[in-house]
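Starting from the known structure of chain D, arrange chain E with the ligands on it as the hints suggest.
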Amino acid sequence: MIIYENVSKIYSSDSPALMDVNLRIEEREFVTIVGASGAGKSTLLKMLYAEERPTRGNVYFHRNNLVNLKNRHLPQHRRQIGTVFQDFKLLPKKTLGENVAFAMEVAGKSNAEIQKATNQILDIVGLSQKIDKYPGEVSGGEQQRAALARALVNKPKVLVADEPTGNLDPISTWEIMQLLLKINEFGTTVILATHNKGMVDKLQRRVISINKGRIARDEAMGKYCI
Amino acid sequence: MFAKLSRTFKSGWKNLIRNGSLAIATIGVITITLFIINVQGATVFANNTLLKEVESRVNISVYVNTEMSEAETLKIKSEIERYPEVKSVEYISREDALASFKELNSDNETIQRAISELGENPLGAALNIRAYNPDQYQAISKKIEASSFRESVLEVNYQKYRGVIENLNKEIKSNQRMALTLGITFSVIAILITFNSIRITMYAHQKEIEIMRLVGASNNYIRLPFLWEGIFYGLIAAIIAIPLSYFYLKIVATGDASGSVLPFSNSRFIQSFLSGYFVENALWIISSQLFLGVLLGVISSVLAIRKYLKI
Ligand SMILES: Nc1ncnc2c1ncn2[C@@H]1O[C@H](COP(=O)(O)OP(=O)(O)OP(=O)(O)O)[C@@H](O)[C@H]1O
Ligand SMILES: [Mg+2]
Numbered sequence: 015m016i017i018y019e020n021v022s023k024i025y026s027s028d029s030p031a032l033m034d035v036n037l038r039i040e041e042r043e044f045v046t047i048v049g050a051s052g053a054g055k056s057t058l059l060k061m062l063y064a065e066e067r068p069t070r071g072n073v074y075f076h077r078n079n080l081v082n083l084k085n086r087h088l089p090q091h092r093r094q095i096g097t098v099f100q101d102f103k104l105l106p107k108k109t110l111g112e113n114v115a116f117a118m119e120v121a122g123k124s125n126a127e128i129q130k131a132t133n134q135i136l137d138i139v140g141l142s143q144k145i146d147k148y149p150g151e152v153s154g155g156e157q158q159r160a161a162l163a164r165a166l167v168n169k170p171k172v173l174v175a176d177e178p179t180g181n182l183d184p185i186s187t188w189e190i191m192q193l194l195l196k197i198n199e200f201g202t203t204v205i206l207a208t209h210n211k212g213m214v215d216k217l218q219r220r221v222i223s224i225n226k227g228r229i230a231r232d233e234a235m236g237k238y239c240i
Numbered sequence: 057m058f059a060k061l062s063r064t065f066k067s068g069w070k071n072l073i074r075n076g077s078l079a080i081a082t083i084g085v086i087t088i089t090l091f092i093i094n095v096q097g098a099t100v101f102a103n104n105t106l107l108k109e110v111e112s113r114v115n116i117s118v119y120v121n122t123e124m125s126e127a128e129t130l131k132i133k134s135e136i137e138r139y140p141e142v143k144s145v146e147y148i149s150r151e152d153a154l155a156s157f158k159e160l161n162s163d164n165e166t167i168q169r170a171i172s173e174l175g176e177n178p179l180g181a182a183l184n185i186r187a188y189n190p191d192q193y194q195a196i197s198k199k200i201e202a203s204s205f206r207e208s209v210l211e212v213n214y215q216k217y218r219g220v221i222e223n224l225n226k227e228i229k230s231n232q233r234m235a236l237t238l239g240i241t242f243s244v245i246a247i248l249i250t251f252n253s254i255r256i257t258m259y260a261h262q263k264e265i266e267i268m269r270l271v272g273a274s275n276n277y278i279r280l281p282f283l284w285e286g287i288f289y290g291l292i293a294a295i296i297a298i299p300l301s302y303f304y305l306k307i308v309a310t311g312d313a314s315g316s317v318l319p320f321s322n323s324r325f326i327q328s329f330l331s332g333y334f335v336e337n338a339l340w341i342i343s344s345q346l347f348l349g350v351l352l353g354v355i356s357s358v359l360a361i362r363k364y365l366k367i
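Protein chains in written order, with the working numbering: chain D, 15 to 240; chain E, 57 to 367.
Treat the hints as calculated values from the structure; they're not laboratory data.
One or more hints might be untrue.
Below, computed lysine-lysine pairings styled on DSBU-like, alpha-carbon distance capped at 30 Å [what the hints assert, rightly or not]:
1. E/K263 <-> D/K123
2. E/K60 <-> D/K147
3. E/K60 <-> E/K70
Quick look at which bits of chain D chain E covers, simulated, 3 or more residues with Cβ under 8 Å [said to hold, decoys possible]:
4. 108-119
5. 123-133
6. 140-149
Virtual Cβ for every residue (Gly too), placed ideally from N, Cα, C.
If we strip away everything but chain D, and leave its shape as in the complex, we get:
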């Protein structure tokens, strides 16, 4: 369970990125966050994996207030969350396979485990042919799928995906969405930030609309309307 309690984030005093956000996300929920560019979607997600801390308010993750999270407990917290970053954050000097394996190495998994899980997840996102390619040698969409594979490879309880379909064609987008839905069905909470109207409307899931840092709408079976 994730709770945002009166959360504000102010990077620079003239325009706050988030203002008095109150939000509650249950376990196994599938939540989509929509909003114009600069609305504060990424900022909202960054609070969850504690890349940013709120200026005011509290963020609870399984009852732990992330505002009080000690730096040394940060790694443990982040390993519970799989993250697809808006800018992918793939390492250019590692192959796609190595990039995915990296997230497991960091968690101290055995080599055999890593190889098995890496192959499996790359197969699922449709990249088994590109396992030895470097990020610079594949398309934006393929990089995005590799980033998704890395987020999923540790089987996290919560998946945070910031524009995971931004560079994909409609068919690939739909495939990724099916994948996210399946992951959600298997018990992972999915929190998704996106601009993709068609996709949001088809999903028929909870949609939270953000406008200039405030929650404008929160609907159980929402549509994309800004």
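Showing chain E with the ligands alone in chain D's frame:
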């Protein structure tokens, strides 16, 4: 746990290899540092051994008048034995003194002939005094000079070792100062250079470190490769420095030491000392060089990690 350790170990090694010529320069500087420390250490050690050797030979010989009877001499002996500084007093009878004098000069016919022509024993009895501590000889010698039996004593021989010991002590002090200065200076340089190499590795891995953090790498997992890198620099340097100093000391020990940079006082003694020194102390030397190398590496890594890897 083991997987993590071996992974950080491997990436530490990869980082070192990728540093290329910088890594070679770093290892070179640590090698020179360890070499200098080792050779300076040998110098100090050699001079200390020499000092101990000289000190062990130091004693005060009191030569008693030839007229004194054995009983009277033994009385003086027991009086000296009562001095708190005195460890032991050895009585050398007139006959023993003559015998050892003859033996000492067995090659010298003139002396041999002179003695037999004399007919009687020209030597008096002697007392060899040893103190607990070499510093106490002066006090003992003064006490004898002021004693009631001073009249019965022909000669108190103490002065002849004093100069040697004083010189040696002075030399050892300056050796130690030089060893310390050189050791510290080079260690600081080595640490600075290693620190810089590790900093450059960190800079090259900025993005990787950021992503590691975001995907939940523990702080130690992020830090360890840099610690390993420092340890590798130090270990490789020690592995080079050990044979280097061995051959160097061997050359000094077997060849002519006059052109040597070592401030050795007694070159023949030092040569014979050094020829055995490395082998006799091999275990100690090798382990301390490895330890020092690793220490220099660890200090550099820890400094770099604390300064540039704020977690
Ligand atoms: N690190 C930062 N420093 C200063 N300002 C920032 C920082 N990150 C974001 N902002 C500002 O905060 C606001 C919200 O940014 P955010 O990235 O959350 O928007 P977003 O909804 O994710 O936009 P997009 O759809 O373009 O990704 C923007 O005005 C942005 O300029
Ligand atoms: Mg964003």
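Consistency of the hints with the structure:
A hinted pair counts as satisfied when its Cα atoms are at most 30 Å apart, and E/K263 with D/K123 qualifies at roughly 22 Å. Among the hinted pairs, E/K60 with D/K147 is consistent with the structure: their alpha-carbon atoms are about 25 Å apart, no more than 30 Å. Our distance criterion of 30 Å between C-alpha atoms is met by E/K60 and E/K70, whose separation comes to about 15 Å. Only when three residues or more bring their CB closer than 8 Å to a CB of chain E does the claim for the stretch 108-119 of chain D stand; here the count is 3, and the claim holds.
As drawn, the stretch 123-133 of chain D meets chain E at 3 residues by the rule of a beta-carbon pair under 8 Å; at three or more, the given contact holds. Residues of the stretch 140-149 of chain D with a Cβ under 8 Å from some Cβ of chain E number 0, which does not satisfy the need for three, so the listed coverage is violated.
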